[in-house]
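Student: Residues per chain are reported as follows:
2 protein chains.
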Amino acid sequence: MEDLPLNKVVRLLEPGPLVLVITSYRGKNNIMTMGFHMMVQHDPPLIAFVLGPWDFSYNALVKSKECVIAIPGVDLMEKAVDIGNCSGEHLDKFKAFNLDGLNGEQVKPPLLKQCIANIECKVVNTQLSKKYNLFVVAAVKAWINKDRSEEPIFHHKGDGTFSIDGQTKDMKDRMTKWKEITE
Amino acid sequence: MEDLPLNKVVRLLEPGPLVLVITSYRGKNNIMTMGFHMMVQHDPPLIAFVLGPWDFSYNALVKSKECVIAIPGVDLMEKAVDIGNCSGEHLDKFKAFNLDGLNGEQVKPPLLKQCIANIECKVVNTQLSKKYNLFVVAAVKAWINKDRSEEPIFHHKGDGTFSIDGQTKDMKDRMTKWKEITE
Chain A
2 MEDLPLNKVV RLLEPGPLVL VITSYRGKNN IMTMGFHMMV QHDPPLIAFV LGPWDFSYNA
62 LVKSKECVIA IPGVDLMEKA VDIGNCSGEH LDKFKAFNLD GLNGEQVKPP LLKQCIANIE
122 CKVVNTQLSK KYNLFVVAAV KAWINKDRSE EPIFHHKGDG TFSIDGQTKD MKDRMTKWKE
182 ITE
Chain B
2 MEDLPLNKVV RLLEPGPLVL VITSYRGKNN IMTMGFHMMV QHDPPLIAFV LGPWDFSYNA
62 LVKSKECVIA IPGVDLMEKA VDIGNCSGEH LDKFKAFNLD GLNGEQVKPP LLKQCIANIE
122 CKVVNTQLSK KYNLFVVAAV KAWINKDRSE EPIFHHKGDG TFSIDGQTKD MKDRMTKWKE
182 ITE
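Taken in sequence, the protein lines are chains A and B.
Under our numbering, read the first sequence as residues 2 to 184, first letter to last.
Under our numbering, read the second sequence as residues 2 to 184, first letter to last.
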């Protein structure tokens with residue numbers, strides 16, 4: 002994993018990929034799948050997501066106030082779906098899914114070696130966590146896996162079907178109002 | 002536009018499309034482009050998004066507490082990008098971009114006829130609007146354009162490039178924990 006400047010985190014999340022969330026609490030690491038997330042601010046990057054008490058990772062997130070958001074490529078689609086359909090309560094998902102953790106720099110939960118990118122996050126606002134299970138986190142360190150950065154991402158279409166990114170269109174010339182983001 | 006059951010709104014937004022937001026205030030309708038949004042709750046559907054004072058639509062949203070979120074197909078990609086790179090302050094974007102408004106049912110801002118789908122929304126929470134420009138809205142009525150529902154959506158990659166949905170993979174059989182959403 003190589004360093005990714007924090008002002009580029011938006012490029013990982015604005016397209017709306019299905020992501021994995023890694024938490025760590027009392028010596029136990031866990032992975033879950035998440036589709037409800039968005040960028041809140043470009044730079045410094047803030048992210049919001051929804052993670053509820055129905056998720057085993059909820060308690061770890063609330064207690065540790067940290068997580069890693071990992072972006073899987075399409076080669077991990079089946080694993081990502083299966084990770085989202087079992088609980089970490091009695092299962093070590095790293096072993097079960099043959100995924101390797103790597104040490105991060107700013108937070109305790111491990112990065113996922115097999116993913117395209119990893120974002121280390123710290124919870125900064127919980128005002129809407131009781132009402133909507135909505136957490137705002139700051140991205141404090143980001144990593145890109147250069148070997149996999151060309152791998153297409155994929156999106157949950159909300160019904161158990163998933164779309165894989167196809168063609169990319171470059172519209173940078175038309176971004177006259179937002180030139181700074183295209184650099 | 003045909004009625005879309007509200008519990009299907011997640012299928013429009015969870016994949017993370019670039020969307021258009023329509024507001025109406027004091028007789029003036031406006032359209033803007035938005036990439037920072039997420040689902041907050043499946044059913045009844047809640048959505049969060051970020052829309053700030055730098056957007057001309059901000060005042061209309063804050064004052065009227067209503068908007069329409071429209072999902073453009075790839076045939077509208079250039080228009081969507083250009084809509085996001087000009088201001089409605091001195092421009093009628095409906096005329097400028099040759100887009101037709103249709104009357105909604107629950108809110109004042111018009112639906113966009115040329116889009117795949119339209120979601121009528123009412124602001125339900127502004128606790129994080131001062132701090133993060135984050136609004137939570139309830140989807141109160143949704144519409145699908147059957148003629149265009151097969152049109153691919155597209156995603157902003159955060160840097161002025163856009164990815165178009167390619168292949169779709171059906172993983173419904175693996176959604177053992179979330180069967181209800183696949184129906």
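Don't read these hints as lab results, they were simulated from the structure.
Mixed in with the good hints, there may be bad ones.
When chains are identical, the list treats them as one kind, so a pair holds in a single copy or across two.
[Unchecked claim] Calculated pairs, BS3-like style, for lysine-lysine (alpha carbon to alpha carbon, straight line, at most 30 Å):
#1 Lys-170 to Lys-66
#2 Lys-170 to Lys-131
#3 Lys-132 to Lys-114
#4 Lys-178 to Lys-29
#5 Lys-29 to Lys-147
#6 Lys-173 to Lys-80
#7 Lys-142 to Lys-132
#8 Lys-180 to Lys-80
#9 Lys-96 to Lys-132
#10 Lys-131 to Lys-114
#11 Lys-178 to Lys-131
#12 Lys-114 to Lys-178
Predicted model only: the values in this text are computed from it and were never measured.
Student: Next step is simple, just say for each hint if it's right about the structure.
Tutor: Against the structure, the hints come out as follows:
1. Lys-170 to Lys-66: Neither way: Lys-170 and Lys-66 sit 38 Å apart in one copy and 34 Å across, limit 30 Å.
2. Lys-170 to Lys-131: This pair counts as neither: shortest intra-copy Cα distance 40 Å, inter-copy 34 Å.
3. Lys-132 to Lys-114: neither (34 Å within a copy, 35 Å between copies)
4. Lys-178 to Lys-29: between (46 Å within a copy, 22 Å between copies)
5. Lys-29 to Lys-147: within (28 Å within a copy, 48 Å between copies)
6. Lys-173 to Lys-80: between (34 Å within a copy, 14 Å between copies)
7. Lys-142 to Lys-132: both (28 Å within a copy, 22 Å between copies)
8. Lys-180 to Lys-80: between (37 Å within a copy, 18 Å between copies)
9. Lys-96 to Lys-132: neither (34 Å within a copy, 41 Å between copies)
10. Lys-131 to Lys-114: Neither: 33 Å inside a chain and 38 Å across chains, both beyond 30 Å.
11. Lys-178 to Lys-131: So Lys-178 and Lys-131 pass the 30 Å test across copies only (23 Å; inside, 37 Å).
12. Lys-114 to Lys-178: Classified as between; 26 Å across copies, 37 Å inside a copy.
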